[in-house]
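Participant: With chain A's structure known, arrange chain B on it following the hints.
2 protein chains.
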Amino acid sequence: MSHNFSFQSLAECSQTKARAGVFMTPHGPVETPRFMPVGTLANVKTVTPDQLSSTGAQMILSNTYHLHLQPGEKIVAGGGGLHKFMGWNGPMLTDSGGFQVFSLSEMRKISEDGVTFRSPHDGQIIHLTPERSIEIQNTLGADVIMAFDECPPYPATREDVQAATDRTYRWLERCISFHQRSDQALFGIVQGGVYLDLRIQAAEALAELDLPGYAIGGVSVGEPPELMADIVRTTAPLLPPEKPRYLMGVGTYREMAIAIASGVDLFDCVIPTRWARHGTAIVQGERWNLKNAKFREDYAPLDETCSCYACANFSRAYISHLVRSQEILGYTLLSIHNITELIRFTQKIRQAILGDRFTREFAQWLN
Amino acid sequence: MSHNFSFQSLAECSQTKARAGVFMTPHGPVETPRFMPVGTLANVKTVTPDQLSSTGAQMILSNTYHLHLQPGEKIVAGGGGLHKFMGWNGPMLTDSGGFQVFSLSEMRKISEDGVTFRSPHDGQIIHLTPERSIEIQNTLGADVIMAFDECPPYPATREDVQAATDRTYRWLERCISFHQRSDQALFGIVQGGVYLDLRIQAAEALAELDLPGYAIGGVSVGEPPELMADIVRTTAPLLPPEKPRYLMGVGTYREMAIAIASGVDLFDCVIPTRWARHGTAIVQGERWNLKNAKFREDYAPLDETCSCYACANFSRAYISHLVRSQEILGYTLLSIHNITELIRFTQKIRQAILGDRFTREFAQWLN
Chain A
1 MSHNFSFQSL AECSQTKARA GVFMTPHGPV ETPRFMPVGT LANVKTVTPD QLSSTGAQMI
61 LSNTYHLHLQ PGEKIVAGGG GLHKFMGWNG PMLTDSGGFQ VFSLSEMRKI SEDGVTFRSP
121 HDGQIIHLTP ERSIEIQNTL GADVIMAFDE CPPYPATRED VQAATDRTYR WLERCISFHQ
181 RSDQALFGIV QGGVYLDLRI QAAEALAELD LPGYAIGGVS VGEPPELMAD IVRTTAPLLP
241 PEKPRYLMGV GTYREMAIAI ASGVDLFDCV IPTRWARHGT AIVQGERWNL KNAKFREDYA
301 PLDETCSCYA CANFSRAYIS HLVRSQEILG YTLLSIHNIT ELIRFTQKIR QAILGDRFTR
361 EFAQWLN
Chain B
1 MSHNFSFQSL AECSQTKARA GVFMTPHGPV ETPRFMPVGT LANVKTVTPD QLSSTGAQMI
61 LSNTYHLHLQ PGEKIVAGGG GLHKFMGWNG PMLTDSGGFQ VFSLSEMRKI SEDGVTFRSP
121 HDGQIIHLTP ERSIEIQNTL GADVIMAFDE CPPYPATRED VQAATDRTYR WLERCISFHQ
181 RSDQALFGIV QGGVYLDLRI QAAEALAELD LPGYAIGGVS VGEPPELMAD IVRTTAPLLP
241 PEKPRYLMGV GTYREMAIAI ASGVDLFDCV IPTRWARHGT AIVQGERWNL KNAKFREDYA
301 PLDETCSCYA CANFSRAYIS HLVRSQEILG YTLLSIHNIT ELIRFTQKIR QAILGDRFTR
361 EFAQWLN
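Those protein sequences? They're chains A and B, same order as listed. Numbering of the first sequence is given in UniProt numbering, commencing with residue 1 and proceeding in unit increments. Numbering of the second sequence is given in UniProt numbering, commencing with residue 1 and proceeding in unit increments.
Okay, chain A solo, but in the shape it has when bound:
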């Protein structure tokens, strides 16, 4: 690992593989386990960097595919790189664009070299390769950058998944060769779909590459919850314990608790901000629709145990009014609360691991 990065496990659960650690980056520490908010287009939707800091956010994500299309990485670099451009001085990660190309783009053509697709913005032909993805991410300048991977949809045949997993490995080797900036840590991504033997092969092969961090990709793509749990339980322990482990695209209480018990450290998910824009609050792991009539005259805060800006200052009745009126402030307040809530969940687990109380205090989320 580069001198700019390190991972240290501070405590380990006596009954599971859960661990509490610190991942050091050039922009500061990330206390793990921890949920990372998603800021697709160089902003976490509806919240300012100040508001984001107040949620307890440490590391956040941004999106290579979307930023390449708009505004383009050169404009971000012209603004001093992603941190300065968007006003976030903490740790940051960019995904590689692989997932988005495979899930969002139409008319894509995959070859050994890379992927060709039409920009949904202007119809322009775009060719994305492992080298190009790393080049864009080097230009954007996040602390952690992700290898360019092929992420097959669910369901997919064993043959298709095997081919994608093998190609992802070859692409990873090209990413490693091309990557130049020592102030950016390149994480490899384990694919393998729901085929556990493929996951095992992929994880073991990646582990030998001694990367600064590892991700489990290709989950939360439509597979049943039990299969995701199987994938994580099988894969995570095979990844080097002295490196951070990141489960991509995951963010419910139960999924995170189970993954943490398997040794995962980092999570990201769009649900706190997406649900907010649908008028939904996450309260103690439950989903509440604020348009529900019962909230019209409910003057309690969303969650009395939460100290976020929304809970400290506003009532359910007020947020319900804003959401009914389609006032953007309602989505902002719900985003602040939902992000705080998911980070708080991972912070509480961290404290429990440090005190070896994880399985006792979080039993309801581990079954």
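No lab work stands behind these hints, which were simulated from the structure alone. Mixed in with the good hints there might be a few duds.
[Claimed, not checked] If you want a taste of the chain A side facing chain B, the calculated C-beta under 7 Å gives, among others:
1) LEU41
2) GLN70
3) ILE75
4) GLY78
5) PHE85
6) GLY87
7) GLY90
8) ASN313
9) SER325
Each residue gets a CB set at the ideal place from its N, CA and C atoms; glycine is no exception.
Facilitator: Just chain B now, with coordinates in the frame of chain A:
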């Protein structure tokens, strides 16, 4: 005037009728002249109360008509009144609903008693009278409440405007009789359309009622700018100098400067937030469309002389990117800037009046 309210003129311009004063309310002082942001539905669109405070906002507006329809004044009262419900502890004003009924409602029927119309929410028949408007405003609990007035559209015949102006006066008498809360100041509204003799009659009649404050209504409804200036120049000086004067719905640099020179103290307008949602910044009185190609790689702040949160932390290029991507954060940042900009303009005029430099420093806006 109730013991909870007072207006004091601290300085007067030697060449115009402009004055710098302080309007005291139960929720604190308003330093005049001053622009008041509009928070129609118990929130200033896209900004939190904290962000609003940072713009220099002192007094803000909310809307009787809209709040009566959603969430209803009883729900606001149940939440502790408008201040507590929306988390704004500074001075607040509610309009009477008159303007909205006449400009927004279809199928309205006007009688001496009041106005009947269908709710655009659910088609329910609503009857709004002077008494009902005051009752709703008493229930909402803003510091300043407005008389229920008839606001004819432009153009309108002299006969129609005369009838509306006379009825507005009779309705004002009913508002005064019905209003009970001494912690709320009832302002009368001068109507009269573009007919200066009607304006003079109305202003003189209202001045005799010794109200805690006076507004000039029925401008910015489509009349040419020269006519608005004539109306303000004719009407404002007839209103009692020891009371605050409020020009409703006005908010461009030129309109405010001319009105201040005529002795007006308070302004409100939706343009800073509405323009923000169209991707438009107000910079030194100019309108800038942030989607314009020239801003794509412009890394300067919107306005280098502005210390608002948006200008202190972000570039034109970044805000342009957000606006092009239709990211809500772009509208939030532009709203913060635009509100700051208009308040700053009135604050600068206030300082100039205090130093008797108003006509010299603001000559470009007074011609």
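Participant: All hints are to be evaluated individually against the structure, with a verdict given for each.
Facilitator: Here's how the hints hold up against the structure:
Evaluation of the A:LEU41 hint against chain B yields a held restraint, the C-beta minimum of about 5 Å falling below 7 Å. Using the Cβ-Cβ criterion of 7 Å, the hint placing A:GLN70 at the interface with chain B is satisfied: the shortest such distance is roughly 6 Å. Among the interface hints, the one on A:ILE75 holds; its C-beta lies about 6 Å from the nearest C-beta in chain B, closer than the 7 Å criterion. The closest approach between the C-beta of A:GLY78 and any C-beta of chain B is roughly 6 Å, which is under the 7 Å cut-off, so the hint is satisfied.
Nearest Cβ of chain B to the Cβ of A:PHE85: about 6 Å, under the 7 Å cut. The hint holds. Annotation: interface hint on A:GLY87 holds; nearest CB of chain B at approximately 5 Å, less than 7 Å. Taking 7 Å as the C-beta cut-off, the interface hint given for A:GLY90 is violated, the closest approach to chain B being about 14 Å. A hinted interface residue such as A:ASN313 counts as satisfied when its beta carbon comes closer than 7 Å to some beta carbon of chain B; here the least separation is about 5 Å, so the hint holds.
Given hint, A:SER325 at the interface with chain B, holds; its Cβ is 5 Å from that chain's nearest Cβ, closer than 7 Å.
Hint check: a violation occurs at hint 7 only; the rest are consistent with the structure.
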